[in-house]
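S.K.: Need the complex rebuilt from these two chains, each delivered in its own frame; the hints are there to steer you.
Listed in order, the protein sequences are those of chains A and B.
So for the first sequence, this note's numbering puts the first residue at 78; every next one is plus one.
So for the second sequence, this note's numbering puts the first residue at 534; every next one is plus one.
Incorrect hints may have been included.
[As the list claims (entries may be wrong)] Coverage of chain B stretches by chain A, computed from C-beta distances (three or more under 8 Å per stretch; other residues unrestricted):
#1 717-724
#2 759-765
[As the list claims (entries may be wrong)] From the derived model, a few chain B residues whose C-beta atoms are all more than 12 Å from chain A:
#3 572
#4 635
#5 649
#6 677
#7 756
#8 809
[To be verified] Partner residues aside, some chain A positions facing chain B, computed with beta carbon under 10 Å:
#9 99
#10 106
#11 145
Worth flagging that the hints you see were computed from the coordinates, not collected in a lab.
From a predicted model like this one, the values you see are computed outputs, not experimental measurements.
Backbone N, C-alpha and C fix where the C-beta goes; we use that ideal spot for every residue, glycine too.
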Amino acid sequence: MAKLRIGVVSPEREIWAGEADMVIAKTVDGEIGIMPNHAPVLGVLVEGGVLRIRRGDGDDIVAAVHGGFISVANNDVSVLAETAELGSEVDVAAARDALQRALASVEADNENAEAQIEAKRARARLRAAGEEV
Amino acid sequence: MGAQLRLLRRRIRSVKSTAKITRAQELIASSRIIKAQQRMEAAVPYEREITRAVSAVLSNSADIDHPLTVAKEQPASAGVLIVTSDRGFAGGFNANVLREAEALAGHLRARNVQIKPYVVGRKGITWHRFRSRPMSGEWAGFSDSPSYAHAKEIAEALVAAFEDDNGIDEIHIVYTGFVSMLTQDVRVTRVLPLEVEETTEQPAEGPLPYYEFEPTAGEVLNQLLPRYIESRIFNALLQSAASEHASRRRAMKSATDNANELIRVFTQQMNQARQAEITQEISEIVGGANALADASAGKE
Numbered sequence: 078m079a080k081l082r083i084g085v086v087s088p089e090r091e092i093w094a095g096e097a098d099m100v101i102a103k104t105v106d107g108e109i110g111i112m113p114n115h116a117p118v119l120g121v122l123v124e125g126g127v128l129r130i131r132r133g134d135g136d137d138i139v140a141a142v143h144g145g146f147i148s149v150a151n152n153d154v155s156v157l158a159e160t161a162e163l164g165s166e167v168d169v170a171a172a173r174d175a176l177q178r179a180l181a182s183v184e185a186d187n188e189n190a191e192a193q194i195e196a197k198r199a200r201a202r203l204r205a206a207g208e209e210v
Numbered sequence: 534m535g536a537q538l539r540l541l542r543r544r545i546r547s548v549k550s551t552a553k554i555t556r557a558q559e560l561i562a563s564s565r566i567i568k569a570q571q572r573m574e575a576a577v578p579y580e581r582e583i584t585r586a587v588s589a590v591l592s593n594s595a596d597i598d599h600p601l602t603v604a605k606e607q608p609a610s611a612g613v614l615i616v617t618s619d620r621g622f623a624g625g626f627n628a629n630v631l632r633e634a635e636a637l638a639g640h641l642r643a644r645n646v647q648i649k650p651y652v653v654g655r656k657g658i659t660w661h662r663f664r665s666r667p668m669s670g671e672w673a674g675f676s677d678s679p680s681y682a683h684a685k686e687i688a689e690a691l692v693a694a695f696e697d698d699n700g701i702d703e704i705h706i707v708y709t710g711f712v713s714m715l716t717q718d719v720r721v722t723r724v725l726p727l728e729v730e731e732t733t734e735q736p737a738e739g740p741l742p743y744y745e746f747e748p749t750a751g752e753v754l755n756q757l758l759p760r761y762i763e764s765r766i767f768n769a770l771l772q773s774a775a776s777e778h779a780s781r782r783r784a785m786k787s788a789t790d791n792a793n794e795l796i797r798v799f800t801q802q803m804n805q806a807r808q809a810e811i812t813q814e815i816s817e818i819v820g821g822a823n824a825l826a827d828a829s830a831g832k833e
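Chain B with its partners taken away, still in its complex shape (with noise of 0.2 Å):
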């Protein structure tokens, strides 16, 4: 009995350290969640407005053929770029993406599209080295907060094997959403070639007016496309950071959770173990003094 009463202590002694590791990590997630939706929400105006200048470039200028802009009518290859954290403690997080990513994999297969992975995040990385995939580009370091700089260097790979004839035809995003602190989801969207939609509906703000450029609708279409791949995907890191947090943060929390239900059945059981070895030694020592007391009665 007292071997187990030893074991219970030792048991509730590393769930408790345990906990404590978790529940400072999931303070530390909610607080960095605060600073991430801060960064996504900074970075709307600029893309709210990157997205109207492109849409106007587009409706302007109908007989534009930019590169960027003309779908192959049989894409040989696709870059799938995968975002996913640097470190794990975050539940189902990457394991998400990771799945969405080999979904989309599947379809793009299905219609004989050869695949080109472009992973960002250490986790994704080791898990395409583990099956040993080769990867056509790969970034980490900046999961958690990842800056335009970093997203401008992810686009101009992206774009430069875009451009390249033996290059890739495509470029898919895979990412995580933020959509609020309870709910993320992945995405799966295609930037690349960019989607010219002729639609007769007008606008929500009214009709686009006509713009004049300067110097040519051309030249402005071929500064601006790069800069709306780029802050497409700065989009893709900013969201995918917010849900790392928001997903840590929710891991973490079931972790100290359950930490804290583990010590209580373990306390409970250790007050039993420790009531039966007092029972015991009481009734071992009435014993004792009953068989001590017959004994001398038995002598009389």
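Looking at chain A on its own, in the form it has when it is part of the complex (with noise of 0.2 Å):
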């Protein structure tokens, strides 16, 4: 079967490039899933969102990736984010951190939407990183 080609960039460097067999992002209008022979799509990505890649052999890939689009073609996938790191990458403790200072300062201000997209991205890295949130 054929496989995906998939490059995930951040305007600062190139995440991750490989091939795999399935993609799993969340997009604003929710989760959608990537196969070989997919047709085109442009799809704008959540911020705060999981990025999943199956590989048939080996570990699933796992990135936080928070805004920016995915883009398919020919079997080509990009997923094109502002700031995305894999789960392997993520400080848990730094992660948890942020997810901490972020929720008090939601629960200080309520229209704190700052904070609330602060949030968003801990809770996103820590899933990334496979833990429990």
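M.R.: See the structure below:
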């Protein structure tokens, strides 16, 4: 079966590139799973989403992706993230810390949109690292 | 004669210490060029993909009139983003950028367009302040290693001004493009409004497929275009940073070479002066001794 060629890139670096069988990403319309020979799609990703790349052999690649786009054409999948981090690179303690701080500021001020986004990002990073939140 | 010798020694000492500084600057700049180049290369995949995505949306939906792609028939004012460096010691780097920006301003003024400068880098800011020209935006402190957050900040200010009815109608960037270690050229590009090129030519990788959009083409474009502008600006900042280091390295190298040449000339002059002094002393002694000998010979 055909494989997907995947590139996860952020403006400052290429985060991951390789082949895989399936990609699951979260767009603003909901989760979308891409398998080989998928129709061309261009989607907007949510803030603080988790991207999952399934490889037949070996472990899944999980990454926290904040904002950006996914574009699929001819079995080429590119994920353009504003910032992204592989699950294996996440500093769990720091992410937990950030989540606590963000939640505290959300509690203090419900309208604080920045803190809410911050909390979402921290959750996504923890989930990408395989932690329960 | 003794005074000249001392003078030359002092000059050699001062030129030597200058050479040490310029040499150190040269070495620092050369190590930073490599880092800057790596950052430029790391940003390439994202740029390529986002350019592809923008062309995909635009080619798929000819009927979209996004405010960022619509050119006004009679633009009243243009924002010019001028990318300079924070520090000097880089030869003609900043002067070249500013000269090119002036040329662009001249062109725009001829078309009755008002100029609003947005300046990056301390050198450009002081240049404008010195001539008491108002700036619509200024950023400094990151010219040698810009991060994406900086590009985002600049892009937000520019796009907000562009979307404002009383703001700017065009955005140009003047920056130094990095071609190689030895070649950098000043480039002037218009980023907004985007030029939607209607070509019948097929792109190199074949025609772009017909995309589905999540949620809609308009929404995707709304999200995509600001990111595209950010990426263009980030690219300009990165290229300019690499060019800054490259031209600093070149300027410092010629300064060091020049200092070494000066040291050589001064050392030669100093040796000549020393020789002359010794010769004079000897001839004085010989002259004195001869006079003494003549005097005693006359007595006898």
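S.K.: Each of the hints needs a verdict: does it hold here or not?
M.R.: How the hints compare with the structure:
Judged by the Cβ-Cβ criterion of 8 Å, the region 717-724 of chain B is not covered by chain A as claimed, because only 0 of its residues qualify and three are needed. Given a C-beta distance limit of less than 8 Å, the hint that chain A covers the region 759-765 of chain B holds, as 3 residues qualify and 3 suffice. With a closest Cβ-Cβ approach of about 7 Å to chain A, residue 572 of chain B is found to fall inside the 12 Å limit, against its non-interface label. Non-interface call for residue 635 of chain B relative to chain A: holds, since the shortest CB-CB distance, roughly 31 Å, exceeds 12 Å.
The beta carbon of residue 649 of chain B sits about 26 Å from the closest Cβ of chain A, which is more than 12 Å, so the claim that it is off the interface holds. Every CB of chain A lies more than 12 Å from the CB of residue 677 of chain B, the least distance being 16 Å, so the non-interface label holds. At roughly 5 Å, the least C-beta separation between residue 756 of chain B and chain A is not larger than 12 Å, which violates its mark as non-interface. With a least beta-carbon separation of about 64 Å from chain A, residue 809 of chain B lies farther than 12 Å from that chain, consistent with its non-interface assignment.
Look at residue 99 of chain A: its Cβ only gets to about 17 Å from chain B, farther than 10 Å, so that hint breaks. Here the hint on residue 106 of chain A is kept, as its CB sits about 5 Å from the closest CB of chain B, short of 10 Å. Annotation: residue 145 of chain A was flagged as interfacial toward chain B, and the flag holds, the nearest CB pair being 8 Å apart, inside 10 Å.
Comparing the model with each numbered hint stated earlier shows that hints 1, 3, 7 and 9 do not hold.
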